[in-house]
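Participant: Residues per chain are reported as follows:
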Amino acid sequence: MRRVLLTGNAAAAWGARLARVDYVPAFPITPQTEIIEALARWIDAGEMAARLVTLESEHSMITAAGAAAATGVRVFSATSSQGLLYGMEMLYTVAGWRVPWVLVNVSRGLSAPITLEPDHNDVLAARDSGFLQIHCAGCQEVLDSVLLAYRLAEDARVRLPVIVNLDGFYLSFTREPVSIPEPAEVDALLPPFDPQGLAFRAGAPLSQAVAVLGGGPYSYFRYQVQLAAQNALAVYDEIAADFAERFGRSHPAVEAYQCDDAEVVLVMMGSFATKARAAVDRLRDAGRPVGLLRPRLLRPFPAAACRRHLLGKRALAVIDQNLSPGQGGVLATELAAALYGRPGAPLLASFIGGLGGRDIPPEELFEIARVTEAAAERGETPPPRLLYTEAELRELRKLQTIAAVERDRRGPAP
Amino acid sequence: MYRIRFHGRGGQGMKTASRILGSALFSTGFEVQDAPRYGAERRGAPIFAYVRASRAPIDERGVIQRPDLVLVADDSLIPVPAAGVLAGIDAHGLLLIRSAEPAERWRERLNAAARVIVLPITEPLLDRAALPQVGATCAGAAARLLGVVPAEALAAGIEAELGGLGARVVERNLAEAMAAYQAMAPLAGAVSEDGEIAATDYHPPDWVDLPFETARVSAPAIHAALTSELVDTGLWRSLRPEIDYDLCKGCWWVCSSLCPDGAIHVENGRPVIDYDHCKGCLVCLAVCPPHAISAHTEAVTPCAESS
Amino acid sequence: MSEQETRYRSTRDLPSLHLLGTGTPMCAGCGGLEALHQIYDQLGERSLILNAAGCMTLLAVYPYTPFRGSWLYTAMASAPAGAQGARDALDILVAQGRLPPEEDLRVVVLTGDGSAYGMGLSATSGAIERGLDFLYIVYDNEGYANTGQQYSGATPHAALTATSRLGAGFPGEKKDLFAIWVAHRPAYAATVIGAEPLDLARKVEQALAIRGPKLLLALAPCPTGWDFDPQRTVEIGRLAVQTGVWPLKEYRDGQVVHTKVPRERKPVEDYLRTQGRFRHLFEPERQDALIAAWKARVGTYWASVET
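These protein sequence lines are chains A, B and C, in that order.
Taking the numbering used here as reference, the numbering of the first sequence is continuous, increasing by one, and the terminal residue is 418.
Taking the numbering used here as reference, the numbering of the second sequence is continuous, increasing by one, and the terminal residue is 313.
Taking the numbering used here as reference, the numbering of the third sequence is continuous, increasing by one, and the terminal residue is 497.
Relax, there's no trap hidden among the hints.
Computed from the model, here is a short list of chain A residues facing chain B with C-beta under 10 Å:
1) Thr11
2) Ala280
3) Leu390
4) Leu391
5) Ala407
6) Val409
Rough simulated footprint, nothing fancy, chain B against chain A, three-plus residues with beta-carbon under 8 Å:
7) 178-189
8) 265-278
9) 288-299
10) 354-367
Just the calculated beta-carbon pair ranges, DEER-fashion:
11) A:Phe225 x B:Val214: 45 to 53 Å
12) A:Glu186 x C:Ala285: 20 to 28 Å
13) A:Leu231 x C:Thr212: 29 to 37 Å
What the hints contain is simulated information worked out from the structure, not anything from laboratory work.
Keep in mind the model is a prediction, meaning the values are calculated, not measured.
Idealized CB from N, CA, C, for every residue including glycine.
If we strip away everything but chain A, and leave its shape as in the complex, we get (with noise of 0.2 Å):
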């Protein structure tokens, strides 16, 4: 084992690495590209033998992969933000064929309008694909969720493809330390990929994702997704045991910080939790009884592990780094189905905060966990929050200034 600092980039190409992938299908978009290069760079070096292909749209590399894997080899591929959304057919798709791979997605922002820095629409719109999902907040966590991922999608009971995700910038340009595995400590912890049966062969005709008639066989088969997403729960646990006892890192499919004794936990997914942790720190070092929940997995969604360190609490502040524009925050609106009706269960104040990049300084996340103790206080639900200030308002006036919107600004002319 080798201690390093490696990007987020970095750590998810030696996931891919580690995990001897067989086959890279690829399309460069910023700010993933650097794992696609750097497996090129490997592979043409002769230091992974696996086969890289560059494809012509994100919609053929899903199709490609899907097809590679169910062929029956283990594939890696990586994508961003709009990359994404326009292979986002074939996500479905090939989450149905019950084929096992893993695609990391690096987090970034969705067009209109575009930016290059992360918030989490963009993996939060493939939440229904039949994808599991999993958010890593450092880059440590990257490399071992390559690892994890292979383990669970490979796994019997469940047989699905992973998403790992990585904020862009925050996590993709950013170097920490991370340990990598020794390749042997890594093919003990995964084995070589075994396709159960289910591969294209000569002599063994298979007829793969075929269409069917009818509501009852349609329903019976995408159930069976829902099925298998549910057991990988379990699964999950006495994966993530393992790799605990194999490398002593934990990665729980729910991190519970200062939780125990909380009255008001913030909830947050991806990098910027560690942003609150440090905030939790602060919060204790004031004497507030302040805990951080992060979901690691969004699909399967832990909800009985959320529940198990929610239910009692005063109150729950959810800061989503996303947007469903005419609901609100999506983890609100996950954590409050969990919750929903159980004795116990706290009040929930939601926060969107962090869309497209925006910072969010610990001054920010003392104001909302003070918001959320007064409101719990009150026991009135506070309307959801935009973290925007004053002065980023008045720096958009002047924007729009130049972009001549002024005369408009008070709604249409009488």
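Dock chains B and C against the given chain A, drawing on the hints supplied.
Facilitator: Structure of chains B and C alone, referenced to chain A:
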């Protein structure tokens, strides 16, 4: 936790500086986080990179708001608001400027709360078009100012980041880094770690409730032409082309047509360079038939005449 | 291919044992199925068909499949990318010794014109440029037939479709997919039709002997979409060839060769009159301009071939 920001121009090696320092601190036993700040920036445009280092795992992320140390590789960036060189630097902070001018001049000029020191540029650069690679120099200076990075760790950092480029590159960068490391010896340890903002004493954010606005206002649409001319891309320029009108033959269709940015217009049959937008690529110099265009090192404030 | 090189010297040499299963839900009289089953006679069980969305998606409806070999339904836009993934995976498995060469499969794309002429062009172009070893079969029924014959990029001029129902019919021109393939310099490309089984068999034989990207573009008379009695599928197919509307040709070694040049072309009207989609050219009154345009188009094509 140490928080360090490197400011320079695209192409000057600020990412390299952050990585050398990051690797050096990591090999010294620190937990480290380093990152460049990419955007739509291009060569010559203001860019920055940052390093965090702590003895405990680092949970803080993103752009450094309150730096302990800011290094400025190119002093012409200081007056450029978009570069954000001085952002968040307070009395606790240290500002190191690579400059041919003495520190006193900068202290007077900036009137900043932070301590200001200078890493002198001793030899005048003959050709600034090459945008000197000063990543190793900046990393070397920063390492000594922190006072916690031994010279061997700095050397290891340079080997780790530049080893792939060959022994000569490593040797040259090592020499430059060590020179800066020595130059900063009197100020070794001048940078101190700042603490964390306390949850009991902070400026609460002035959150605003966004009002609804009609789509004409709230769609990302620009209802005007040519607004890009408000962007002073002249700030990217380190070398300034100047036309010697005694030599100029007035064949404006050469330089004016071939200027990639369309930054040479024609007045009374003569080409005139728009320095607010000239990026200093020097295509005009290369194509001018009578060699009437020459290149000159930019002054400290390249766009002073535009303001 | 000379007569000596082929197994198919006369129609008596055509396979008597047909390998594609019956019982599929294709329309009675389907010209596409007619071509496919003839092609499949030479493909057999050592094939993996990647299907693009279209009429033939319904060849395999759970739990019924007509294939002896394998099949994977992908999507409308990306069947060639599926072929890429499958071919690469098979090559990897064989190279690693995980798949005995005798268990290897031939990779085949099966697509209608809707995908081949439109949505799937990008993926097809990419697969050809990467030199993928695959056979690409198009059943061209000249419209989005599976959804009720709306016009597609393959619809011929003046045809009535569900989205060009009135007036002079489809105003556009049929795209030349064969030429688009040839522009990519593939290993092989040919037009075929189920009504000419000997010509088709020789071309399949030829294609299967060559590595690389290979096109078999089959005109697929469609009783449902073109509006004719199913029993006339072969007659209409032969007329398409005899009138010169559907030239039978192949491309290999950088040359296009016509494999069946009608000695004396029948009048184009003979072809047009057989189909309801062209009835408005003749009833209630004759549309001389549209018919003349059809004749001119076919005449110009053959004039260019014969010179």
